[in-house]
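Undergrad: Below are the chains, spelled out letter by letter.
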Amino acid sequence: MQLILEKRPQASRLMYFSSPLLAIALTVIVGGLMFAAMGQPPLRALYLYFIDPITNLWSIEEVLVKATPLILIGVGLAVTFRANVWNIGAEGQLTAGALMGSIIPILFTSWQSPLALFCMLVMGMIGGALLAAIPALLKVRFGVNEILTSLMLVYIVHLLLDWLVRGPWKDPFGYNFPKSIGFDDWHLLPTFGDGRVHLGLVIAIIIALILYWVMTRTIKGFEVRVIGAAPRAGAFAGFSQAKMVWFCFLLSGGLAGLAGIIEVAGTIGQLQPNISPSYGFTAIIVAFLGRLNPIGVIFAGLLLAVSYIGGEGVQIELGMSDKTTQVFQGMLLFFILMCDTLIHYRLRLLKAMEISND
Amino acid sequence: MINYEAILLTIITASTPLLLAAIGELVVERSGVLNLGLEGMMVMGAVAGFAMAQVTGSAWLGVLMAMFAGVAMSLLFAFLTQTLVTNQVATGLSITLLGLGLSGLIGSGFVGMPGVKLESVSIPVLSDLPYVSTLVFGQDPLVYISIILVIGVSYMLKRTRMGLIIRAVGQNHNSAHALGYSVIKVRYACIAFGGMTSGLAGAYLSLVYTPQWIENMTAGRGWIALALVVFSTWLPGRLAAGAYLFGGVWILGLYAQGMGVPIPSQLLSSLPYVATIIALILISTNRRLSVINTPASLGQGFVPDR
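Line order of the protein sequences matches chains A and B.
Under our numbering, read the first sequence as residues 96 to 453, first letter to last.
Under our numbering, read the second sequence as residues 265 to 570, first letter to last.
Read the hints as simulated data drawn from the structure, not as lab findings.
Wrong hints could be hidden among the right ones.
Here are some chain B residues pointing at chain A (derived, C-beta under 10 Å) [stated by the list, open to error]: (1) 365; (2) 488; (3) 545.
Distance windows between CB atoms, simulated [as the list claims (entries may be wrong)]: (4) B/272 with A/102: 48 to 58 Å; (5) B/272 with A/97: 45 to 55 Å; (6) B/545 with A/327: 25 to 35 Å; (7) B/564 with A/444: 22 to 32 Å; (8) B/564 with A/208: 50 to 60 Å.
Nothing here was measured: the structure is a model prediction, and the numbers come from that model.
Where a beta carbon is used, it is the ideal one built from N, C-alpha and C, also for glycine.
Next comes chain A alone, as it looks inside the complex (with noise of 0.2 Å):
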């Protein structure tokens, strides 16, 4: 027996919408086998991680809070992606953003004024763009390949980070711990009611609906999607792919670090060593997830947002290890690629007869 693919004549469109939701099967399934075999009652795990996030209030602002940088990364990488750019370093150009737009906030705290917060945003984009900047133009002028260099960054800018936090920002009356002063009012994101969802969600909404319109109805969207698929088509059609990396890095990179500030000034307040739990990476997966479209990631980035919330329900109630979740998250993509072979190719066995006749 042998396992071989047949080219469908057209892309199938049920195999386009359902391979998430099979990926997403698939991803319960295994992870309620591997929670059976770690001795732990699987479907009281699955209820805690995919179910329980979602009856309570409280929870349900978590899950919000968490899928906001989720999907203002995702949507850049969506867009990225679809033109065959791979901008992996987002977690990096998070840092970078967060640090650019923190220097107000603890450089300047007597600046008191709501054009200080909107600075901070603008001021975290660029720190995003900047540091996405360096593999475009290693990319573009060297030939350099962008997925290591981009990557190699996270690295340098979590150093950076760690320096700063432990040397010339940290705040003299904190005890000595690694962190900076807290934020004050004029620096926060301004939040709902008195809960913990902020400003930022409908930010990320908004671009993403931005970004949704930008990729079906401009001429803009149709050059990312013909780079991507066929780069001979779009240089035939006077696309330049070098603008194209650009693009993608500076946009990606920017929403990436807008995320930063947002989570920064929003949920966290200060800034210290840790601030985001891999939320950079974890975009690539719902970037993915959200069939590279940006109003699929918006439902991506809340799934995903439910799996950390799940995840820290299982580590408290069953005290299982939170990497789970990282598991749960790494299947999920896993699955997601092997799925989405389905929408252009058909699964055929073929039996040792047929092999012999070939």
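Starting from the known structure of chain A, arrange chain B on it as the hints suggest.
TA: Just chain B, lined up with the frame of chain A:
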């Protein structure tokens, strides 16, 4: 006085995991496949090796288990990218994410335990010679294995029929297919070999370099190994030179910290990553070097016509 022998020894120890992971990936890429899952396979090797050695008390069984774990992860990658022709970049990333999570989960019970160290070999007489003694004859066995692998791969690629087939598959998979070679089988085998050496590299970290389990203990070494393959322009000899150079950079930072150089430790820790970027720029600006050996089918999926 600075003890040069000790410094050289630590450089070799820091370089060997890079070299082990990179030599496998070099073969994988020569067959036309880009496996970005190195970091994930390596960290799985590290945790599997540590756990096995911990349970059985034998470091060698740990090494075997690490190789097994690396191969298992690489076969997942091979199934997706070769049988199901998925995007290789995204699939490699998923292997890395999965490996980092799974290793953390498996290793959560082992954090903080004292590990089992793979003993260095000791050859009578030779290991007692002055100067060269420990440097040449007293290393741990994996160092020798890494060197044998480099020589073996170099010979295999240049001088054997198998090497010729691998290179043909990597250069032009359609022609290789037309000649009757099974592109997918060759690639499966190369990917599994890459998984094995990545597992070895992981075992080196958790059984020799720092004999304990620390979460994410690969610290980007898988990615640096990937950069090394590009830097080597897919030639094993250059790969070895590059690996030792990088090990040197890694150790330089540690020594500078130890000697109290007034530079922030974070800056010194970032040296290997900065060096990687610089190395990539240097090699990429030299078109002649970088293009000539690049496998032409690198990263492209292959579906045979029927």
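Undergrad: Compare the structure with the hints numbered earlier in the document and write down the numbers of the violated ones, lowest to highest.
TA: none
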